[in-house]
Structure formats: structure tokens, C-alpha cells
Amino acid sequence: MSSDSDIPIDPDGSSGPSIPDIDLRSIFGNTLLIVLVILLIAAPVVGFLSWTPTDEGNVQVVKKWGAATGTVFEPGAHFINPVSQDTVSLSTRPQSYTMSSQQGEGSKSDTDDSITVLTEDGLRVDIDITVRYRVDAGQAVKFYKNYRTLGSAEQRLIRPSIRSVLRTEAGALPVTEIYTGKGQTKLKQTAQSALKKDFSRDGLILEAVQIRKVNLPKQYEQAVEQKEITKQRRQQKENELEVEKLEADRKKIEANGEAEANQILSQSLDQKVLTQQYIDKLDDTDTVYIPVGDGGYPQFVRNIGGSNDDSPSGTTNNSTNASA
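Residue numbers (the working numbering): 218 to 541.
Read the hints as simulated data drawn from the structure, not as lab findings.
Ideal Cβ positions, reconstructed from N, Cα and C, are used throughout, including at glycine.
The reader is advised that the hints may include incorrect statements.
Said to hold, decoys possible - No farther apart than 25 Å at their CA atoms in a straight line, the calculated lysine-lysine pairs in the PhoX-like style are these: (1) K362 x K399; (2) K413 x K430; (3) K325 x K405; (4) K448 x K430; (5) K413 x K325; (6) K399 x K448; (7) K281 x K359; (8) K469 x K454; (9) K454 x K468; (10) K414 x K399; (11) K462 x K448.
Stated by the list, open to error - Pairwise CB distance ranges, derived in the manner of DEER restraints: (12) G398 x K462: 27 to 33 Å; (13) T286 x E394: 48 to 54 Å; (14) Y437 x S369: 36 to 42 Å; (15) Q320 x Q406: 16 to 22 Å.
Kindly produce the complete structure, drawing on both the sequences and the hints.
Written out as C-alpha cells, the structure reads:
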């Protein structure tokens, strides 16, 4: 058994276990080392979370505690406070929204999505249309506050606006005009002007409206086609008559010209001229003619070849054949 003499006694006279000395400098050094290690590990992580690049063709709306701040990041490298801030990317590239009757086209490719309008004369017409637009980078905050995404804007703004405007503008045109190229151009221009105002109020830029096709009712389409065929046939007949008239005028002018030429020729060719021309032809023949008649000239004979059968009645043809 241990005795009381085995218990260590402190210098102050108290008895009990000894307390080791605390090295404060060592503790501080270890703590500082731990902090430095944490910072070295956390710094790259914080930097990575703070760095938010913006790709070309996009903008980023900056949010703080979930609400849009009004700051927009253009393409490039940017930094945010990852604790309180966040960003939402929006594409500013051109987008297209199509409403078509053809399957495989447009936002609803599995159904007929054309717009049915009532023309001025009460006829129902289906129109295929494509609208090209993009987000205005300068109004990206407004767009984000109103619609958040492009899909939401297409359903809540673009689609109903196209229907409303097209039905209003098409209702002012008769069916005989709306299916023509001129009528479709007019419809496109008026629809584009109206949609441009609606889009600009919500941070969108309207680039183009394309009237892809106007689908007339089958019966009316056949009637229009038959009318066009009849018109073309009538035009063809008119063209043929015009050609015949021109040909008749040409022949008339030609005949008048020949008659006038003959008249001038008959006035210029008197008996003496004809006789002289007859004599000039003698050089081409082997026949010698004895001059008789007034003035020493031979009488005019119709057949220069010398055939008595072709001589006109009452005309004397005296000739003597001589060998060459």
C-alpha cells in the first residue's frame, strides 16, 4: 500500500496532479497555418464560382438574392459575388416562330397550326406565317422580368399577337386580293408594322414577317384556277388576233408599196426607153434585127428571144438569122 509520503507535494504546499505548461505561440502558429490552408483551398473555389463568362450571341441578367438588379453582362468575362448574386443567360440571336398547316413545320409540327382568318367578303382562309425576332440586349432586364424565357414569350406574347394582328389586317382585304402576290405583300407590311409595336414594348425586336402560303377553300381555289385558265385562253386568242392583224397590215403595206412602185415604174418607162432597153439586149443574142419603123428603130417585140408566136398582134418582127 502506498503511504501519504508517496503523494507529491507542490511547492505551495498543496497536493494533486501537476498541470503542464501551455505554449500559446505554438497554438497561434498552428491556427494560422490551418487558416492559410483553408484560404488556399477556398480561394480557387470562390474564384471559380465568382467567374461568369458570357458567350457571344448572349447576355446575362444579374440577380441579387433572386431578383433582377438591372445589370446586364455583355459577351466577355465577368465576376459576381457568388454568395448573394446569380445570373440568367438570354440568347440575343435571331429566332423564328412558324405557324403552318404542313406537318413537320412550326412550333406545333404534329397538327394544322395555320391561322384561320375571315376576309372582307366573308370567306374563311388559312394562312401560314413565320415571324423572325430577337431579344433586344438593351432591354433584356425588361424581357426577363416579363417572360423569363423565350418559350414563355412565344406562348404569351408572340403567338397571340400574330393571331390577333393577322385576323384584323386580313379582315380588311377581299379574297380576290389576299391570294395574290400584291395582296400578300400588303398583308405582310401591315402585320409587320402592328407586331413591331407590340414586340418593342416587351424587349423584343421584330426582324421580319413572312406570309408563307394562303390556303383558299377547295371549291374557291378550283374556281379561281378555272378563271385563270379562261383568262389565259382569252389572252392567247387576243394575242393570236393581234398577230393576224399585224400580218394583215404588213401585207397591206407591202401591197401598197408594190403598187406604188409599179406606178412609178410605168410612168418612167415610155416607148423610147423600152425600145432602147430592147436594143441593149441584142448584145446577148445571136439574132440580127433589121431596123424598121419610125426613126430607124425596130418595132418593140414582147419576146426578146425572137419567137413569132409570142409577138403581140399587129406587131411586125423582121429578122434574119446569121451564123456566129
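Hints versus structure:
no.	hint	result
1	K362 x K399	40 Å, violated
2	K413 x K430	21 Å, holds
3	K325 x K405	22 Å, holds
4	K448 x K430	23 Å, holds
5	K413 x K325	23 Å, holds
6	K399 x K448	19 Å, holds
7	K281 x K359	16 Å, holds
8	K469 x K454	22 Å, holds
9	K454 x K468	21 Å, holds
10	K414 x K399	24 Å, holds
11	K462 x K448	21 Å, holds
12	G398 x K462: 27 to 33 Å	32 Å, holds
13	T286 x E394: 48 to 54 Å	51 Å, holds
14	Y437 x S369: 36 to 42 Å	38 Å, holds
15	Q320 x Q406: 16 to 22 Å	29 Å, violated
Hint violations for this structure: numbers 1 and 15, all remaining hints satisfied.
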